[in-house]
Amino acid sequence: MSTQQEQPQEPESQEAPEDPEMRGTESPQQERLKEKEQGLAQEEAVDESDLEGETVHLKVFRYDPEVEGKQEPRFDDFYVPFEKGMTVLDAVMYARDEFDSSLTFRHSCRQAVCGSDAFFVNGKQQLGCKTQISELKQPVRIEPLPHQEVVKDLVVDMDHFYDQMHAVEPYFQQEELPDGDLEEQRQSRENREKVKMSTRCIWCAACMSSCNIAAGDNEYLGPAAINKAYRFAMDEREDEEIKEHRLRIVEQEHGVWRCQTQFSCTEVCPKDIPLTEHIQELKREAVKKNLKFW
Amino acid sequence: MAEQYSSFSRGGTGWLLQRITAAFLIVVLAFHFFQLHFVNHAADVTFAGTQARMENVGYFLTMVLFLIAGAFHGLNGVYNALVNQGLEGTQKKVVLAVLSLAGIALIAQGIWVAVAMAGWT
Amino acid sequence: MSQSYNRGLIEDFGRWKEFSAGMWAWIFHKFTGWMLIGYLFTHIAVLSTAIGAAAGDPAAIQQETDVYTTTIQGLESLFIIRVLEVGLLAVAVFHILNGLRLLMVDLGIGLSAQDKSFYASLVLTGIITIASVPTFMDGVTI
Ligand code: HEM
Ligand code: SF4
Ligand code: FES
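Protein chains in written order, with this note's numbering: chain A, 55 to 348; chain B, 28 to 148; chain C, 96 to 237.
Since the hints were derived computationally from the structure, they do not count as laboratory data.
A quick note: this is a predicted structure, and the numbers were derived from the prediction, not measured.
Heads up, a few of these hints could be off.
Said to hold, decoys possible - To give a feel for the contact side, a few chain C residues facing chain B, derived at Cβ under 10 angstroms:
{"#": "1", "residue": "F136"}
{"#": "2", "residue": "D161"}
{"#": "3", "residue": "V162"}
{"#": "4", "residue": "E180"}
{"#": "5", "residue": "D210"}
Said to hold, decoys possible - Here are the simulated lysine to any residue pairs, SDA-like style, with alpha carbons at most 25 angstroms apart:
{"#": "6", "chain 1": "A", "residue 1": "K248", "chain 2": "C", "residue 2": "D201"}
{"#": "7", "chain 1": "A", "residue 1": "K342", "chain 2": "B", "residue 2": "K120"}
{"#": "8", "chain 1": "A", "residue 1": "K343", "chain 2": "B", "residue 2": "A50"}
{"#": "9", "chain 1": "A", "residue 1": "K346", "chain 2": "C", "residue 2": "W129"}
{"#": "10", "chain 1": "B", "residue 1": "K120", "chain 2": "C", "residue 2": "W129"}
{"#": "11", "chain 1": "C", "residue 1": "K125", "chain 2": "B", "residue 2": "F51"}
{"#": "12", "chain 1": "A", "residue 1": "K178", "chain 2": "C", "residue 2": "W129"}
{"#": "13", "chain 1": "A", "residue 1": "K248", "chain 2": "C", "residue 2": "I204"}
{"#": "14", "chain 1": "A", "residue 1": "K113", "chain 2": "C", "residue 2": "M199"}
{"#": "15", "chain 1": "A", "residue 1": "K297", "chain 2": "B", "residue 2": "G130"}
{"#": "16", "chain 1": "C", "residue 1": "K125", "chain 2": "B", "residue 2": "V142"}
{"#": "17", "chain 1": "B", "residue 1": "K120", "chain 2": "B", "residue 2": "G130"}
{"#": "18", "chain 1": "A", "residue 1": "K88", "chain 2": "C", "residue 2": "W129"}
{"#": "19", "chain 1": "A", "residue 1": "K343", "chain 2": "B", "residue 2": "N103"}
{"#": "20", "chain 1": "A", "residue 1": "K342", "chain 2": "C", "residue 2": "L195"}
{"#": "21", "chain 1": "A", "residue 1": "K342", "chain 2": "B", "residue 2": "F99"}
{"#": "22", "chain 1": "C", "residue 1": "K125", "chain 2": "B", "residue 2": "V121"}
{"#": "23", "chain 1": "A", "residue 1": "K88", "chain 2": "A", "residue 2": "E137"}
{"#": "24", "chain 1": "C", "residue 1": "K125", "chain 2": "B", "residue 2": "S127"}
{"#": "25", "chain 1": "B", "residue 1": "K119", "chain 2": "A", "residue 2": "H214"}
{"#": "26", "chain 1": "A", "residue 1": "K342", "chain 2": "B", "residue 2": "N107"}
{"#": "27", "chain 1": "A", "residue 1": "K343", "chain 2": "A", "residue 2": "H214"}
Just so you know, even glycine gets a beta-carbon here, dropped at the ideal spot from N, CA and C.
Chain A with its partners taken away, still in its complex shape:
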């Protein structure tokens, strides 16, 4: 059922670094991978055979303002036969295909790339396709993302999230191009390393949903948008002026200063982006920039 595979790691560069120094240093990325491997080892230790032949009990949030019987939000129970490697997404798809075709949720890639299926699973924002049923306590409670308008069942309105993402101008801006038609805009290996984690965002909005400041202050840019701004502000290929422009966007009153370092975004991000770290770095950059002007 599941077409899940081990996620291919992003290639670090075209050729493996020859320089032993480059290889020897523990980049934050390598540290994270190590942590992850340890995590995986633990996860594998969970005995899947316990669940073999069992059914999984799902409690799925139902709500549809357009259908009379569903205007009052409720939870429906589904009992889905467990299969090895079954994810939350697999389970709700089974429930939809076999039991209730009106059960509505978004999904597409089924491999943590498209960012459409962030749900609130057992009280935590998680990607349906990246969350193993075998790791969850039963009954598995599946709800739409909190702090966003519910359109229907597990589908939430993403407009506000996308607006905040677009507000930081999430595209590369560089007027000056290198001479020569076929010349590339090269980035140094170190600089790529620096922005690497921030480039991984899949716009799933899990972070925004977990943030209780974003819940209170509707104008707050939110972790994902600030991380986007970080991705470009730290890219050395853009001019200094553009960097300043980007810093001015994130240092608005409803930008980085609203972050209260609760780390909730960092904890839920399915792509392991160190969001809080990036937000804090931008705060310091903004202060530094302003001190320079003083």
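Start from chain A and add chains B and C with the ligands according to the hints.
Quick look at chains B and C with the ligands alone, frame taken from chain A:
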């Protein structure tokens, strides 16, 4: 968005000052607790004893700075907490005005008290 | 945020069992911060008796019967005030220790240990508070 080139944006100044006052307060608050509960017992405080401390200009200035830093840090913290909860528009301006006035009143009253303690009235 | 179906604040906080360290730290920091600013106002109000004492009879100051001295010593003789003072100490110590933790986080130091440093703040606050009880309770009975 207000474009500001030569001065701190409002949020940034507040953020930085909140941390600078925090760093100062750590030291002074710890000193203050120690001074009035361990070195001198709070129960044994007398006006004469207080005066003996306050007459020292260094101590007086430290206490006044402590007051100013504490008032700013505390009230700015409260203001931030309310903005975080989505306070905006007129309400926000009113809250800012009320908190600023409360802060100024607190500092003025506190300085008056400190001067009286030092016996410079 | 406008919501067609609003799960609301109650449910947000009804989920407190799912809160993580960083969120608890934030809530406690807020709570202790508000207590401290509340206390600062009260504190200045009580100390304002010094204005009356300074303007009053110097002989009273000599005999320790001026308003300032009597107010403070009167308050300090109350058991409940001493208990509240220990509470204040706990609040201040937690705010200081977690404040240090937040300053480190702001400087980008030790971000991966942020949960451990929160637990450390809690434990240290407990220890310091308990260790201070004898000093704070000295010479007062119920
Ligand atoms: C003594 C050392 C102190 C340290 C290290 C400290 C540290 C901090 C820091 C870093 C914040 C910002 C938290 C954030 O924005 O994420 C904060 C908030 C705050 N502090 Fe302090 N502080 C100290 C003393 C005080 C004192 C004396 C008061 C009261 C007069 C106070 C009242 C507050 C308040 C009200 C907040 C805002 C809490 C909120 O967000 O609701 N602090 N403190
Ligand atoms: S930063 Fe992480 S949690 Fe937030 S939208 Fe991007 S991938 Fe999702
Ligand atoms: S279905 Fe694409 S991220 Fe889960």
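For the pair supplied as a hint, K297(A) and G130(B), is the alpha-carbon distance within the 25 angstroms limit?
-> The hint is violated at about 37 angstroms.
Are K342(A) and F99(B) close enough, with their CA atoms no more than 25 angstroms apart?
-> holds (22 angstroms)
Given F136(C) was flagged as interface, is its beta-carbon under 10 angstroms from a beta-carbon of chain B?
-> The hint holds - F136(C) has a Cβ within 10 angstroms of chain B, the shortest such distance being about 6 angstroms.
Holds or violated: K178(A) to W129(C), with C-alpha atoms at most 25 angstroms apart | Not OK: K178(A) and W129(C) at ~29 angstroms, beyond 25 angstroms, violated.
Below or equal to 25 angstroms on CA atoms is what counts here, so check K343(A) against N103(B).
-> With Cα atoms ~23 angstroms apart, K343(A) and N103(B) stay inside 25 angstroms; holds.
Should the hint that E180(C) touches chain B count as held when the rule is a Cβ pair under 10 angstroms?
-> holds (7 angstroms)
V162(C) as chain B interface residue, shortest Cβ-Cβ below 10 angstroms | holds (9 angstroms)
Quickly compare the C-alpha distance for K125(C) and V142(B) to 25 angstroms and report which way the hint goes.
-> violated (32 angstroms)
Would you check the hint for K343(A) and H214(A), treating anything up to 25 angstroms between C-alpha atoms as holding?
-> violated (29 angstroms)
Given pair status - A50(B), K343(A), alpha carbons within 25 angstroms | holds (21 angstroms)
Between K342(A) and N107(B), is the straight-line Cα distance small enough, at 25 angstroms or below?
-> holds (21 angstroms)
Restraint status (C-alpha distance of K342(A) to L195(C) at most 25 angstroms) = holds (21 angstroms)
The structure fails hints 5, 7, 9, 12, 14, 15, 16, 18, 23 and 27 (numbered hints given earlier, in ascending order).
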